[in-house]
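A.B. asks: Those protein sequence lines, which keep their order, are chains C, W and B. Okay, so the first sequence: first residue is 120 according to the working numbering, each after it adds one. Okay, so the second sequence: first residue is -8 according to the working numbering, each after it adds one. Okay, so the third sequence: first residue is 476 according to the working numbering, each after it adds one.
Simulated from the structure, these hints should not be mistaken for lab results. The beta-carbon is built from N, C-alpha and C at its ideal position, and this holds for glycine as well. The reader is advised that the hints may include incorrect statements.
When the alpha-carbon atoms are kept at most 27 Å apart in a straight line, the in silico DSS-like pairs for lysine-lysine are as follows [as the list claims (entries may be wrong)]:
id, chain 1, residue 1, chain 2, residue 2
1, B, K587, C, K220
2, C, K381, W, K105
3, W, K183, W, K136
4, C, K220, W, K41
5, C, K303, B, K684
Chain W is nowhere near these chain C residues, computed Cβ spacing over 12 Å in every case [said to hold, decoys possible]:
id, residue
6, E175
7, S252
8, D280
9, A382
10, T397
According to the in silico footprint, chain C covers these stretches of chain B (three or more CB under 8 Å from chain C) [unchecked claim]:
id, segment
11, 590 to 598
12, 768 to 777
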Amino acid sequence: MKHFGFIAAVWMSIGLMSCSNQENNPVEEKSFADHFSGTVQNTRVNTAMAYIPGGEYKPFYGSDTSLVKVEPFLLDERPVTNGEYLDFVKSNPAWQKSNVKRIFADTAYLHNWSSDTTLPEGANADAPICNISWFAAKAYAESIGKRLPTLDEWEFVAMADATSPNARSKSEYSDRIIDLYLQKNRQFNPVKHSPPNYWGVYNMFDLIWEWTDDFNSILTTGDSRSGQYEDKSLFCAGGATSATDILNYAAFMRFALRTSLKADFTVANLGFRCARDTVVHLNK
Amino acid sequence: MNRFYFFLAAMFLLTSCEDKQKHPEPLPSDSIFNLSSQWKNQYGDSLYLKDLQGKTLVVVMIYTSCKTACPILVSKMKSIESKIAKKDKRDVSLVLVSIDPETDTPARLHEFAKTNQMSDPQWVFLTSNESSTQEFANVLSMKYKKISPIDFSHSNIISVFSPDGQLVSQEEGAIDVDKVVLTLHETVQKSK
Amino acid sequence: MRVKYLVLCASLSIALAITGCKTNTEQGKSSVSPVDMVASGEPEVAELTGAPKVPAPVGNRQPKKLIVNLVTTETEGIIADSIPYTFWTFNHTVPGSFIRIRVGDEVTLNLKNEASSVLPHNIDLHAVTGPGGGAAATSSVPGKETSFSFKAINPGLYVYHCAAPPVPMHIGNGMYGLILVEPEGGLPKVDREYYIMQGDFYTKASNIKKGLLEFDNDKAVAEKPDYVLFNGKKGSLLGANMIEAKVGETVRLFVGNGGPNLTSSFHVIGEIFDNVYLEGGSTISHNIQTTVVPAGGAVIVEFKCEVPGEYVLVDHALSRAFNKGAIGKLKVTGEANPKVFNAKTLSKH
């Protein structure tokens, strides 16, 4: 517990959270979840969040070697669970597997659930939810006044091991993660079954892959060998995308996964956790 | 959704005939018209994607300050437009969606359309907010990233949608205009 | 104007004639360039085989439309002496299935990543002309299938492999195989054909499961393998698994090297290769003792079996054969042939 910078228990009023935080929008901001469900309800909004103070970090894959600034934010201390997602679909029937619009989730969406509101047989309610699309994850997050973490936010937290905020230079850091990644069927374990990292965040590597808000912002293909796009006409202001840390095989794997995803994909070992800004913007 | 259905049912009871005519058939589950994001066109009118329903759509995402790939995409869109058979023209909308909503205001899009001789009614320019833009890009499986205040990296995709909003085809990278035109023609014919 | 036109016509026809001749001599048969060959008929599912077997030769058939179905897996298998290792595979085997097509074939390749996989996988076929050899087009997350099509325009023996990052790890775990593109009319007929693929393996004990070995990145970077193996397993071509031929028969070996790092010096002890399709291409060299198979490359060797006995297949960088497993055997049965080889033992009587 002493490592926690700050733990925020979130009992935020939905009223506060649904306010727009964009000022220059030509169109009024509308909550994503509102698109589907009218008033979105979720009874379990009390997942503890870890305060991440942010800072500068060197992205594993970036436009160049320059540092990226990560603003302070709050991150769920663990992934969203089966039980929580069950509550969500009970309150939001549009996201039940027989109702979900195909454009928002492929046919494997919650395919293993016994019914619209019954978890898979033998499933642990405290294991992370998988087989959900990016659209679904985003709708869930918005239903409780949160959002998905950005890729940079997620990777910033992923630099930590148990004792330091940035363990990338330790040789055992990547090896340990790869050991975890190579285990099959990890996603059936309950959340928080292993110790937290420096920030008090659990299960960054040992259960599932996780959606990030801007997973589609990686312009390399799954083929990392090309390193960079020489042909600038292919991409506006296209640029170098070579890896800055070639030995970080674990990061390579995450990027390979993200570049292979589409937003409607649902995958057996892909889930998510939520994040939130530290500052809540009110309507002017 | 509950509330929406309730609303629909209420409307049905109140004005059943009129409502039926407006929405003769439910949308296909994979239609882009299921997105309920709000947009503005180059004239500043607010609209939903489903307001584009009924015409075959050619869709591309660009930003107007782009100096490299977008001008090529725009010229490809114009080339597609010029090759549409005369009898098909009124059944097609060519839609350019901005990935830079902050800069691309309706006024700017209007100016851009004028400069590029894209003022005819078949040209639709759309802008929204960041979240709706990202959602739409994800529907198109389009990758993009803001890499500086004025520049974006993005994939180059031209998509064709049926009048019901179902994806018919996508061309990515070195886009073959004639292929798009052919798909477009077939889609228009099928929907007639 | 007229003169210009005539000159143009003349030069065009000369150009055409030259191209025609060139194609004729190269292909030996058709004057149609592979790009323009028509693959007719309904698509058929291609026959695929696991090593050391190969599918039936293409023979004289016309170009076809073919469907190649591959599945990527992450599964435990035996690497040596009943020691388990987590292999990543195409179609459950190391090497992956042998694909056999001809020039002009149009192939639709479907790549399905098993739902139980942890990682995304893809395929880069060296026989493909196009970006990444198909890698970007086939990047598949667990449970998903991707697809692309290509036309085979260059004959030869080619490696395919997974190119998902980190590529050396995917290859190091066994994600490679061979695709043979036969020329028009097929390769000359032989009596026996076998599929052999070498790979280097870098292992360490798994922290997760006792006794299980898994990929060791440090050893891979240092290029210090624990195992150098034919067909993904120590002894895969020994004992009951020896490949076989009879005296008088001609044997053709399709030998590939997945790597990820080592170049193989492929040699059959007691045989001389009558023909070697150098690097798997169209140049045939004769009377070769040891041939190089680069990582990510392949070679076709042919020889006639004249004398019965057991012939040892090795990577002639011999520590790999003696200490790391790069060894197999060909068993040739039949009548002794003292004219060629006579093992006289001196008698003390």
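A.B. asks: Next step is simple, just say for each hint if it's right about the structure.
C.D. replies: Evaluated hints:
1. Between the alpha carbons of K587 of chain B and K220 of chain C the distance comes to roughly 24 Å, so the proposed pair stays at or under 27 Å and holds.
2. Note on K381 of chain C and K105 of chain W: the hinted pairing is violated, with a Cα-Cα distance of about 35 Å set against a maximum of 27 Å.
3. Proximity of K183 of chain W to K136 of chain W is assessed by CA-CA distance (about 39 Å); at most 27 Å being required, the pair is judged violated.
4. Our distance criterion of 27 Å between C-alpha atoms is met by K220 of chain C and K41 of chain W, whose separation comes to about 15 Å.
5. Simply put, K303 of chain C and K684 of chain B have alpha-carbon atoms about 11 Å apart, close enough for the 27 Å limit, and the pair holds.
6. For E175 of chain C, the requirement that its beta carbon stay farther than 12 Å from each beta carbon of chain W is met, with the minimum near 17 Å.
7. A cut-off of 12 Å between C-beta atoms contradicts the statement that S252 of chain C is not in contact with chain W; the least separation is 9 Å.
8. No Cβ of chain W approaches the Cβ of D280 of chain C within 12 Å, the least distance being about 28 Å, so the stated non-interface status holds.
9. Its closest Cβ contact with chain W, about 3 Å, brings A382 of chain C to no more than 12 Å, contrary to its assignment away from the interface.
10. Distance check on T397 of chain C: its Cβ is at least 19 Å (rounded) from any Cβ of chain W, clearing the 12 Å threshold; non-interface status holds.
11. With 6 residues having a beta carbon nearer than 8 Å to a beta carbon of chain C, the segment 590 to 598 of chain B meets the requirement of three or more and the stated coverage holds.
12. Counting residues of the segment 768 to 777 of chain B whose C-beta lies closer than 8 Å to any C-beta of chain C gives 0; at least three are required, and the coverage claim is violated.
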